[in-house]
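My request is simple: use the sequences and hints to build the entire structure.
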Amino acid sequence: MSKAKNNLCSVLLKEHFGEVVQKIGTLLMKKGSMPLRLLIIDSKLPLQKVKKALCVLIQHNLVEFKVGSRGFPEYTLLTDNALLLLRYPRYIYNAKTLYGDTGELIIEELLTNGQMTMSAVVGKVTLRLSEATESGVSVNQVKDVFVKLVETQFVQRCSVLQSFDAEKPVAPTMNVYEKEMYLIPEIKLHLIRKSEGSDEPPAKKRRVETQEDKQPDEDIYWRVNFDRFHHYLRDQALITAASRRLGPKAADILRTILRLAETRSDPWAPTTCCVSQQEVFEAVVKETNIVKPEIPPYLSVLTEDSASLLSKVEDRGGGVYTVTTYKALQQLVEAIIMSVVEDRFGSKCCRIFRLLLMKKYLEQKQIEDLAMIPAKDTKEYTYKLFQEKFLNAHEVPRTMDHAPSRTFFLFYVNISQVCRMVVERCYKAAHNAISRQEWETRENKRLLEKQQRVEAIIATLRENSADQTQIDEVEEMITPPERAQLSHTKSVVNKLERSQLQLDETMFILTLFINFRK
Amino acid sequence: MAGRGRGRGRGMNINVEALGFGRGEALPAPTLEPPPLFPNLEFKPRPLLSGEEHDYILALKQELRGTLKDSGFYVQPVVQKKDVERYTDKYQHGTLSGSEIKFDWKRFPDELKLKAPKRKLSQVGNKPSCKKQRINVDVNSRLEELESLEHTKESDEEGEKKEEAEEGEGEVDGDEVIDEEDLEEGTDYAMSYFDNGDNYLDEDDDNLDDGPTY
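Protein chains in written order, with full-length UniProt numbering: chain A, 1 to 518; chain B, 1 to 214.
These are computed hints drawn from the structure, not numbers from a lab. All figures in this text were calculated on a predicted structure; none of them were measured in a lab. For glycine and all other residues, C-beta sits at the position ideal for the given N, C-alpha and C. Among the hints, erroneous ones may be present.
[Claimed, not checked] Listed next, the stretches of chain B that the computed footprint assigns to chain A, with coverage defined by at least 3 CB atoms under 8 Å from CB atoms of chain A:
1. 45-55
2. 102-112
3. 139-148
Below you can see the structure in the form of structure tokens.
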């Protein structure tokens with residue numbers, strides 16, 4: 001656990017769940033798994049707050065518990081899940097592109113509540129959709145979208161309670177059953193429909209509740225399957241790469257091939273499973289409007305391109321192709337690092353860097369010759385890159401005594417090391433952005449609250465159909481310099497948030513590559 | 001880089017030409033302080049990506065943050081009590097605490113179960129009222145006893161505490177003769193101390209008892 005990563009997690013927890021949860025989370029990160037009593041002593045917070053913070057974290061799949069060696073349950077923070085908090089808006093957007101507004105709302109509900117039963121999700125989403133649109137959406141439609149999400153594995157079941165023995169355990173043991181992960185339970189739709197329309201006071205409902213009124217899926221909780229979203233995002237990255245380099249039609253072909261292969265192969269294998277040319281022809285002609293004779297040239301271009309997106313494994317049956325995800329990812333990572341070097345050090349440094357990526361090991365003199373940069377500048381740039389740890393030096397001694405004047409110093413790039421270093425920088429940058437955003441909101445808290453109140457007043461006035469003069473009077477409560485200040489703050493905060501989202505995109509590809517190697 | 005420094009001290013073991021410096025050229029100045037915290041950028045960085053997709057995701061992010069803040073999942077920080085309770089506190093800190101979240105306690109360890117606040121209040125409320133009732137009963141019975149004693153003998157009615165009442169009971173017979181003229185209801189002062197001036201004209205006749213008047 002690096003310091004930058006821990007700081008980023010802690011700041012993300014504070015932004016989403018408050019200071020108490022941040023304190024508990026930071027303690028858990030520092031000290032590993034801890035039982036409840038130690039947490040209370042170390043955090044010096046009241047018991048109720050600590051309990052509530054832990055409950056919130058467990059509900060959102062950020063903390064897991066298990067009975068430790070001494071018989072008390074011990075809690076550990078899942079730092080990787082905490083980092084994903086930054087990516088939640090992207091998941092919601094992807095659900096929208098794939099499944100429309102209903103999908104978007106389902107994923108949003110699941111993300112804000114951590115774990116929910118299917119009936120609860122369907123009920124809430126139907127309610128929200130019927131409030132938002134005039135023609136409501138029927139419960140059946142919402143349920144269908146939910147089922148589709150489960151079938152494509154974007155939503156999965158949470159771990160299930162194991163049945164208790166005679167002695168009640170201190171903490172429930174949870175198991176994850178692979179087979180049951182994606183089974184749809186029965187729910188009673190008519191109950192959801194009834195609860196939408198009725199205005200019964202809740203007290204009455206409690207008394208009347210019988211076995212019939214309860215949903216049969218009460219104990220089955222669902223959560224978002226982050227892995228599947230990552231898989232989807234990775235494929236999107238490859239497809240955009242193809243479209244940028246080779247055009248939209250190549251991207252379409254790649255997308256079809258990926259879709260054919262995704263159900264049949266392990267998503268995290270270095271290459272997808274093989275797809276024969278015939279299948280490709282059929283699928284592409286069916287799904288896109290590319291004509292059959294156009295396809296083979298695109299396939300050959302994709303295979304021979306240096307981005308190494310596609311590779312031809314055999315010639316059987318006209319050709320058998322696989323998408324080489326690992327190599328493609330490596331190319332993406334190299335492109336990211338090259339753009340970092342270019343923007344940080346200059347295009348000449350970037351030239352040296354690219355040279356070393358291509359040629360692996362080069363001596364100082366060879367770099368000078370190949371890069372066509374004057375000697376003094378080459379030395380300056382090479383050593384600057386070396387100092388910032390983008391390059392490594394490998395010593396090859398000529399003599400037994402390793403005299404520096406008689407050894408070769410070969411410079412090379414160690415991609416995984418550089419990748420990790422850039423990820424650390426991203427963590428630090430994201431942490432800085434979030435801290436600065438908090439500071440800006442705190443500095444202007446009074447003004448922001450004032451604006452909120454004014455907007456609330458205007459909204460109520462509009463509802464009561466007041467005069468335009470009254471509304472103008474209320475709006476004048478905020479003076480022009482205050483307005484200028486407010487708009488400046490807003491633009492700064494927007495910029496910082498955008499930068500956080502962009503950093504998250506970079507972090508995603510880089511961490512994907514690092515984890516792939518394992 | 002380390003070799004460069006050592007080479008300067010001990011004489012040139014390393015081939016200086018290889019480093020790119022001629023013999024006569026000056027070495028770069030030594031660094032005397034840590035690098036600045038916010039170094040100046042040479043060029044303005046590239047603008048952030050923008051577009052419909054990014055704007056929408058930004059809006060989603062802000063909405064998500066707002067939803068989580070208002071929901072019951074946002075644990076309110078521990079508010080330190082200020083020295084004096086101010087009137088505006090009610091309006092500044094009294095924002096929505098968010099809807100109560102119902103956790104499914106079967107999925108959590110036993111020790112984390114939060115007690116519902118309603119039950120807590122009712123428990124706290126019950127105890128003082130019971131005690132009060134008990135106290136009231138005791139006081140009532142005591143008062144009745146004392147009243148009955150009053151009717152029989154003149155005694156203090158100040159004694160809500162049992163000890164004083166008992167002492168009063170025991171001492172009443174002995175002190176009755178002495179205290180009659182001095183003690184009266186509700187006052188601590190002996191009555192003979194107060195001279196209300198009725199005897200003023202009478203005193204002119206006989207000055208022997210009173211001392212010198214000033």
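So, going through the hints one by one against the coordinates:
1. 45-55: holds (count 7)
2. 102-112: With 9 residues closer than 8 Å to chain A, the segment 102-112 of chain B meets the three-residue bar; holds.
3. 139-148: violated (count 0)
Checked against the numbered hints above, the structure violates only hint 3.
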